[in-house]
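Peer 1: If you want the building blocks of each chain, they are given just below.
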Amino acid sequence: MTIATLDKKSFVVIKLDTFINKIYILCPKGANILDIIKTEKLTKKFDGFTAVDNISFSVKKGEIFGFLGPNGAGKTTTIKMLITLLNPTSGSAQVADYDILKNRDKVRKNIGVVFQDPALDTELTGRENLDFHARMYGLSRETRKERIDDVLNLVDLDNKKNEYVKNYSGGMKRRLEIARGLMHFPTVLFLDEPTLGLDSQTRRAIWDYIRKMNKDEDTTIFLTTHYMDEADYLCDRIGIIDQGKILVIDSTENLKNSIGNDVITLSCSDLDKLVIRLKKESWVKKVKQHDSFLTIGVERGEEKIPKIFEIAQSQNIKITSISVGKPTLDDVFLYFTGRSIRDQEVAIPQKEVLSLSPRRA
Amino acid sequence: MRGLELQAIYVMWLRQMKRFLRFKSRILATFIQPLFFLAIFGSGFRNIEIPGMESDYIFFFAPGIVAMSVMFSSMFAGISILWDKQFGFLQEVLVAPVSRFSIIIGRTLGGATTAIIQGSIILLIIFGFGIPFPTPFGFIMTLLFMVLIAFTAVGFGLVIASKMRDMQSYPIIMNLVIMPLLLVSSAFFPLSNLPKEAFYATLINPLFYMVDGLRGSLIGVDNIYPPLLDFGILLIICLVVMSIGSYLFSKSEV
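Chains as they are written, first to last, in our numbering: chain Y, 1 to 361; chain V, 1 to 254.
Rather than coming from a laboratory, the hints here were simulated on the basis of the structure. If a hint is listed, it holds; no wrong ones were tucked in.
Every beta carbon over 12 Å from chain Y, so not counted as near; a handful from chain V, in silico: (1) E54; (2) I117; (3) V240.
Computed list of chain V residues with no C-beta within reach of chain Y, every gap over 10 Å: (4) Q33; (5) I40; (6) S43; (7) M53; (8) M167; (9) F199; (10) P226.
Covered stretches of chain Y, as calculated for chain V (at least 3 residues, CB under 8 Å): (11) 83-89; (12) 110-122; (13) 126-133; (14) 136-144.
For every residue, glycine included, the Cβ atom is placed at its ideal position computed from N, Cα and C.
With the rest of the complex left out, here is chain Y:
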């Protein structure tokens, strides 16, 4: 068998070190044999407040995995534990097969990080920021030079490399940080809210860079976001996290399909009664009652609206509003948490006051 003829894109090479020699196993990609990140009941408490509560999940090689949740859900705390900046209160996690507590340095060598807040030295040039980073990860002089050009090209910053970072725009800084995260060929790149505070055009560009490096460099990506569209556009799989707990993990498609092809949202005079009645209908895939409205997952929603009216009328229930739409991640989030992610944004100031530790999101 000649390895050279194998298509690199469709196979992963797994190396097993044994006492005698090294054995290489080739297996089709998508076989999901390698978990790049694996956590087991990971928990972090700050002064009695549980920021991350018993979460277990895994991220597979080559995928873009996203944590979706409101501010304060525990996303950044989870990342900080995985990148060895915070020690978990209990539970364990492996990154690239290394334990985050026992093999700190090995973990660090295998990860790239783009923090939520910019972490560049603005008094240095873009090139110097990358060069300093590369030195600290032990890259040789030739590799450094080549790699700096490579990553700068990837994010289209080649013509700005000798300018001071303080003269960069917000989007350029983000791109430089992404380039820096990739410098040392990490197995997995962590992106904490990669497009926070950027305008929509720049966000779109950053998304494309993220996709590009996932493809070109074959880098596994773990990102957190509270933007629905970002999670929808980028992620292969999503974990919805709220108040330190993972509510569900699945592919973006499955999540949307799980609540029906169409989602009908309605409010009426007697929610309880209508829910009981609707649950008896075979065409209702899912129905969930919220404070003042219902969400109903169905096939071919526009045909179901008259049916719902008929049912309501027969029960003497008055429908006050009704709408039908394709399920978005917003609906998914609403379905699993009972709140819209935007409702929570508004509720945040109160939560921030209650929370004791700063910079936890």
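We have chain Y already, so just place chain V on it with the hints.
Peer 2: The following block gives chain V in isolation, referenced to the frame of chain Y:
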């Protein structure tokens, strides 16, 4: 692995140097203040007879100025790690596969180097004011004292930085801790005029050994202890402060 740690030290040092050389206004500011002190105090008090002082006032005062400028600039280097914290750069450094100890060493070396460069220039200015060149032994001791002062002050800066949230408390520390200590360090006037009890109290002031040692090495008059004794005591202080500083830094969470 060892090579990686050396690279980290080098990077942290190089970063300090680059930032130092690029901040022209800051370099200028560090010279202006000691120059003012020297010119105004030095010439203003020149003809005043101060009991317990054998030399000219400007001779007496010059070592204090050198000690002060090295100390202020390296303490600032230590505390400015807070800026890295505030601007997020510290996270980037801490997530690299190098030990925090190397980061501290590099940072300390960088801060000390810039402080010693500044101190040396002040030293040249002092010779320009007519202070005679010391003996070779005195000169070497002067340089060694500058190094020791720099390291102690960076260490002290690190201790403060790990206990402070942001740079806003920096002026408070300067005014409430450093200025009083500087006033009773014998930098400005001889301590022999103080009451006996007050004099003994100053013996626990690290700044006293910095100024007294530098005076003994540079001028050789009016110092209370021989430079080598000052040096020994300051070395112990330096090691203690540096270890506390690096311990606290390594334990601090970002």
